[in-house]
Amino acid sequence: MREITKIEIITRPEKLEVLKEALNAIGVAGMTVSQVFGCGLTKGHREVYRGTEYTINLLPKIKVETVVCEVPVEKVLEAAKKVLRTGQLGDGKIFVYPIANAVRIRTGEEGDIAIIDPQN
Amino acid sequence: MKNWRFIITVCIIFITLLTPLAFAESTELPDAAAAAVAEVKIDTGDTAWVLISAALVMLMTPGLALFYGGMVRTKNALNTIMQSFFILAIISLQWVLYGYSLAFGPDVNSFIGDLSWAGFTGVGQEPNPDYAATIPHLAFAAFQCMFAVITPALITGSFAERMRFPAFAVFSLAWATLVYDPFAHWVWGVGGWLRTLGALDFAGGTVIHILSGVSGLVACIMLGKRRGYGKTPMLPHHLPMTALGAALLWFGWFGFNAGSSLGANGLAAHAFVVTNTATAAAAISWVVTEWYHKGKPTILGAASGCVAGLVAITPAAGFVAPVPSIIIGLVSGTLCYLSVSVMKHKLGYDDSLDAFGVHGIGGTWGSIATGLFASKAVNAAGADGLFYGNAEQLSTQLIATFASWIFAAVMTFVILKVIGLFMQLRANEKDESEGLDLSEHGERGYAYQDLVAGFPVLHSSSIGGSGNEALMNEPALGVESHK
Numbered sequence: 001m002r003e004i005t006k007i008e009i010i011t012r013p014e015k016l017e018v019l020k021e022a023l024n025a026i027g028v029a030g031m032t033v034s035q036v037f038g039c040g041l042t043k044g045h046r047e048v049y050r051g052t053e054y055t056i057n058l059l060p061k062i063k064v065e066t067v068v069c070e071v072p073v074e075k076v077l078e079a080a081k082k083v084l085r086t087g088q089l090g091d092g093k094i095f096v097y098p099i100a101n102a103v104r105i106r107t108g109e110e111g112d113i114a115i116i117d118p119q120n
Numbered sequence: 001m002k003n004w005r006f007i008i009t010v011c012i013i014f015i016t017l018l019t020p021l022a023f024a025e026s027t028e029l030p031d032a033a034a035a036a037v038a039e040v041k042i043d044t045g046d047t048a049w050v051l052i053s054a055a056l057v058m059l060m061t062p063g064l065a066l067f068y069g070g071m072v073r074t075k076n077a078l079n080t081i082m083q084s085f086f087i088l089a090i091i092s093l094q095w096v097l098y099g100y101s102l103a104f105g106p107d108v109n110s111f112i113g114d115l116s117w118a119g120f121t122g123v124g125q126e127p128n129p130d131y132a133a134t135i136p137h138l139a140f141a142a143f144q145c146m147f148a149v150i151t152p153a154l155i156t157g158s159f160a161e162r163m164r165f166p167a168f169a170v171f172s173l174a175w176a177t178l179v180y181d182p183f184a185h186w187v188w189g190v191g192g193w194l195r196t197l198g199a200l201d202f203a204g205g206t207v208i209h210i211l212s213g214v215s216g217l218v219a220c221i222m223l224g225k226r227r228g229y230g231k232t233p234m235l236p237h238h239l240p241m242t243a244l245g246a247a248l249l250w251f252g253w254f255g256f257n258a259g260s261s262l263g264a265n266g267l268a269a270h271a272f273v274v275t276n277t278a279t280a281a282a283a284i285s286w287v288v289t290e291w292y293h294k295g296k297p298t299i300l301g302a303a304s305g306c307v308a309g310l311v312a313i314t315p316a317a318g319f320v321a322p323v324p325s326i327i328i329g330l331v332s333g334t335l336c337y338l339s340v341s342v343m344k345h346k347l348g349y350d351d352s353l354d355a356f357g358v359h360g361i362g363g364t365w366g367s368i369a370t371g372l373f374a375s376k377a378v379n380a381a382g383a384d385g386l387f388y389g390n391a392e393q394l395s396t397q398l399i400a401t402f403a404s405w406i407f408a409a410v411m412t413f414v415i416l417k418v419i420g421l422f423m424q425l426r427a428n429e430k431d432e433s434e435g436l437d438l439s440e441h442g443e444r445g446y447a448y449q450d451l452v453a454g455f456p457v458l459h460s461s462s463i464g465g466s467g468n469e470a471l472m473n474e475p476a477l478g479v480e481s482h483k
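Protein chains in written order, with my numbering: chain A, 1 to 120; chain B, 1 to 483.
Simulated from the structure, these hints should not be mistaken for laboratory data. Check the hints yourself; a few may be wrong.
As the list claims (entries may be wrong) - Within a straight-line C-alpha distance of at most 20 Å, the following computed DMTMM-like cross-link-like pairs (lysine to aspartate or glutamate) qualify:
1) B:231 x A:47
2) B:225 x A:74
3) B:344 x A:17
4) A:81 x A:21
5) B:344 x A:47
6) B:346 x A:53
7) A:75 x A:17
8) B:294 x A:47
9) B:296 x A:112
10) B:296 x A:47
11) A:6 x A:109
12) A:75 x A:91
13) A:82 x A:3
14) A:75 x A:112
15) A:63 x A:47
16) A:63 x A:53
17) B:294 x A:53
18) B:231 x B:434
19) A:82 x A:14
20) B:231 x A:53
21) A:75 x A:53
22) A:93 x A:65
Said to hold, decoys possible - Chain B stretches covered by chain A per the calculated footprint, using a threshold of three residues with CB under 8 Å from any CB of chain A:
23) 178-185
24) 228-238
25) 298-306
What the hints assert, rightly or not - Taking CB as the label site, the calculated pair distances span:
26) B:169 x A:18: 51 to 57 Å
27) A:46 x B:428: 32 to 38 Å
28) B:428 x A:72: 52 to 58 Å
29) B:299 x A:72: 34 to 40 Å
30) A:55 x B:299: 46 to 52 Å
31) A:31 x B:169: 49 to 55 Å
32) A:21 x B:224: 53 to 59 Å
Idealized CB from N, CA, C, for every residue including glycine.
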């Protein structure tokens with residue numbers, strides 16, 4: 001079984017479309033996208049309601065998870081960095097995890113075959 | 001089984017009590033009608049305007065529900081809306097059964113009306129010249145009903161997000177009976193002592209706004225702060241809803257103030273114009289003050305400012321000229337802004353939606369301003385204020401204002417203490433953190449809820465098990481965890 005890797009990208013919500021296109025262009029077709037809230041180096045912003053101030057430091061982000069096997073992890077990271085980097089605080093983080101196993105529920109296939117596109 | 005017996009017993013009691021009222025009305029009607037026809041004549045224009053105004057004021061209470069509903073957190077949106085909505089039902093009945101009679105019925109010692117008009121007995125299609133000579137007595141009673149409805153609804157803003165629904169319902173009914181009805185009699189009822197004294201209150205600055213604002217202050221202090229107040233953010237969850245509510249209030253207020261002339265006449269047009277003018281001025285002054293103080297003009301500020309202006313012009317609408325109404329509005333916007341953004345935090349009480357800061361303070365300013373700016377040139381039936389050479393009117397206004405503060409504060413304190421002996425006023429910790437929508441009503445305002453303004457979709461402590469299990473069981477959530 002070839003090595004399976006999960007790449008988790010947490011970034012700005014407005015970058016979702018360009019990221020999807022960039023990943024599709026290098027052959028990554030499957031992904032899971034979640035709306036999340038997070039904080040890091042970004043300070044957040046101030047909101048004022050009837051003169052009372054609140055500091056909102058949990059900001060809306062998107063989390064894109066994709067699991068790759070054939071496509072090299074490095075290639076995914078390069079593509080993501082290229083489209084996501086603005087140089088400002090809040091560009092986000094990418095985490096890379098090894099995956100122990102994968103199962104395609106429809107067929108019951110396990111391992112690398114479960115995440116490889118059968119068309120290829 | 002016990003529940004059913006209780007419900008049937010209550011129904012039987014009601015039927016027994018109401019039957020004599022129904023018969024009493026049918027026997028009295030012919031006499032009264034015959035006498036009235038000889039004396040007074042119904043004006044169709046006046047009647048149409050007052051009935052439309054009553055409907056406009058009715059719409060203010062659901063408008064208030066939206067205004068308040070948008071300002072609470074997601075998890076309490078329905079509870080807040082329900083409080084106003086349900087008061088519309090409770091007080092409408094209370095008013096017909098005995099509320100109108102207590103407030104406007106034949107005077108007892110200048111203090112309260114007697115019960116001879118209970119069940120609208122003798123309140124018929126013919127006019128009552130004591131209150132309005134050109135419209136059916138029923139039209140006047142219906143118009144006043146809508147005022148009685150919105151007043152306790154205003155209080156709900158002060159204890160929003162923490163009061164148990166049963167205690168709220170009992171409180172509202174008791175408050176309407178023991179505070180609103182007597183005070184409305186003092187100011188508006190024939191023979192009421194403030195009316196006799198000459199206090200001016202065109203559409204309810206003392207009766208409605210000071211009473212509700214001050215009662216709200218007392219209630220929020222007695223109930224205590226919301227858990228986590230000052231530590232966790234308690235942000236409005238839907239400001240577009242609040243803006244819509246404020247717009248409906250502004251719209252309905254034309255019925256509230258211009259309708260209070262009780263006729264389709266020049267005074268109604270005058271009240272209409274000064275109401276709009278003061279409201280606009282207050283919306284501007286609140287926004288500008290906040291802009292200067294905190295750096296941004298806000299929609300919540302514009303919505304709150306317009307309400308502050310509407311409140312302040314209410315007692316003055318039939319007595320002041322357009323230019324003074326601008327001054328009343330400008331002062332009200334700034335004053336109310338400072339009371340909710342500075343004074344509230346200095347004093348440390350948790351008036352959730354600023355019922356006191358806007359209605360208590362704005363109403364007090366309006367009542368005093370009436371004593372400053374009132375002019376007989378506007379309304380010959382009124383009086384001149386301080387700036388028109390009559391200092392006495394100002395002291396009369398101060399007496400009425402002071403009386404309303406004391407009466408509201410003392411009575412609200414007593415009512416809540418007494419209710420507290422029989423039932424739990426405040427939601428317990430678990431229910432409050434979970435949200436009153438689920439704990440009190442078993443419903444949610446939104447199919448899913450967000451992390452910042454309310455609480456997450458999955459509230460694992462109330463459901464048990466893992467997050468995924470809870471997601472699968474979601475449709476049963478309300479049923480499973482809130483028996």
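Comparing the hints with the structure gives:
1. For the hint linking residue 231 (chain B) to residue 47 (chain A), the alpha-carbon distance of about 15 Å falls within 20 Å, and the restraint holds.
2. Restraint check for residue 225 (chain B) and residue 74 (chain A): the C-alpha separation of about 54 Å exceeds 20 Å, so the hint is violated.
3. Of the supplied pair hints, the one linking residue 344 (chain B) and residue 17 (chain A) is violated, its CA atoms being roughly 46 Å apart against a limit of 20 Å.
4. As the CA atoms of residue 81 (chain A) and residue 21 (chain A) are separated by approximately 13 Å, the hinted pair is consistent with the 20 Å bound.
5. Distance restraint check for residue 344 (chain B) and residue 47 (chain A): the Cα-Cα separation of roughly 18 Å lies within the 20 Å cut-off, and the hinted pair is therefore satisfied.
6. Between residue 346 (chain B) and residue 53 (chain A) the CA atoms are separated by roughly 14 Å; this keeps the pair inside 20 Å, and the hint holds.
7. For the hint pairing residue 75 (chain A) with residue 17 (chain A), the CA-to-CA distance comes to about 18 Å; that is within 20 Å, so the pair holds.
8. In summary, the hint linking residue 294 (chain B) to residue 47 (chain A) is supported, as the alpha carbons are separated by about 10 Å, within the 20 Å threshold.
9. Under the criterion of a C-alpha separation no larger than 20 Å, the hint pairing residue 296 (chain B) with residue 112 (chain A) is inconsistent with the structure, at around 55 Å.
10. For the given pair, residue 296 (chain B) sits about 10 Å from residue 47 (chain A) by alpha-carbon distance, which is consistent with the 20 Å threshold.
11. With a C-alpha separation of about 18 Å, the suggested pairing of residue 6 (chain A) with residue 109 (chain A) holds against the 20 Å cut-off.
12. Distance check on the hinted pair: residue 75 (chain A) and residue 91 (chain A) sit about 19 Å apart at the alpha-carbon level, within 20 Å; holds.
13. The suggested pairing of residue 82 (chain A) with residue 3 (chain A) is violated, with an alpha-carbon distance near 25 Å, which exceeds 20 Å.
14. Proposed proximity of residue 75 (chain A) and residue 112 (chain A) is supported: the alpha carbons are some 18 Å apart, at most 20 Å.
15. About 25 Å separates the Cα atoms of residue 63 (chain A) and residue 47 (chain A), which puts this hinted pair outside 20 Å; it is violated.
16. Between residue 63 (chain A) and residue 53 (chain A), the direct Cα distance comes to roughly 29 Å. Violation of the 20 Å bound is thereby established for this hinted pair.
17. Distance restraint check for residue 294 (chain B) and residue 53 (chain A): the Cα-Cα separation of roughly 9 Å lies within the 20 Å cut-off, and the hinted pair is therefore satisfied.
18. Proximity of residue 231 (chain B) to residue 434 (chain B) is assessed by CA-CA distance (about 17 Å); at most 20 Å being required, the pair is judged to hold.
19. Straight-line distance between C-alpha atoms of residue 82 (chain A) and residue 14 (chain A) comes to about 15 Å, which keeps the hinted pair within the 20 Å bound.
20. A C-alpha spacing of about 12 Å is found between residue 231 (chain B) and residue 53 (chain A), which places the hinted pair at or below 20 Å, so the restraint holds.
21. For the proposed pair residue 75 (chain A) and residue 53 (chain A), the alpha carbon gap of about 44 Å is over 20 Å, so the pair is violated.
22. Distance restraint check for residue 93 (chain A) and residue 65 (chain A): the Cα-Cα separation of roughly 12 Å lies within the 20 Å cut-off, and the hinted pair is therefore satisfied.
23. Judged by the Cβ-Cβ criterion of 8 Å, the stretch 178-185 of chain B is not covered by chain A as claimed, because only 0 of its residues qualify and three are needed.
24. Residues of the stretch 228-238 of chain B with a Cβ under 8 Å from some Cβ of chain A number 3, which satisfies the need for three, so the listed coverage holds.
25. Note: the stretch 298-306 of chain B has 4 residues with beta-carbon separation from chain A under 8 Å; the three-residue rule is met and the coverage holds.
26. Distance hint for residue 169 (chain B) and residue 18 (chain A): a CB-CB separation of about 54 Å, consistent with the stated range 51 to 57 Å.
27. Range check, residue 46 (chain A) to residue 428 (chain B): Cβ separation about 33 Å, and the 32 to 38 Å hint holds.
28. Range check, residue 428 (chain B) to residue 72 (chain A): Cβ separation about 57 Å, and the 52 to 58 Å hint holds.
29. At about 50 Å, the beta-carbon gap between residue 299 (chain B) and residue 72 (chain A) misses the expected band of 34 to 40 Å.
30. Residue 55 (chain A) and residue 299 (chain B) have their C-beta atoms about 20 Å apart, which leaves the hinted 46 to 52 Å range violated.
31. At roughly 51 Å, the beta carbons of residue 31 (chain A) and residue 169 (chain B) sit within the given window of 49 to 55 Å.
32. Between residue 21 (chain A) and residue 224 (chain B) the beta carbon distance is about 54 Å. The supplied range of 53 to 59 Å therefore holds.
The structure is inconsistent with the numbered hints 2, 3, 9, 13, 15, 16, 21, 23, 29, 30, although it conforms to all the rest.
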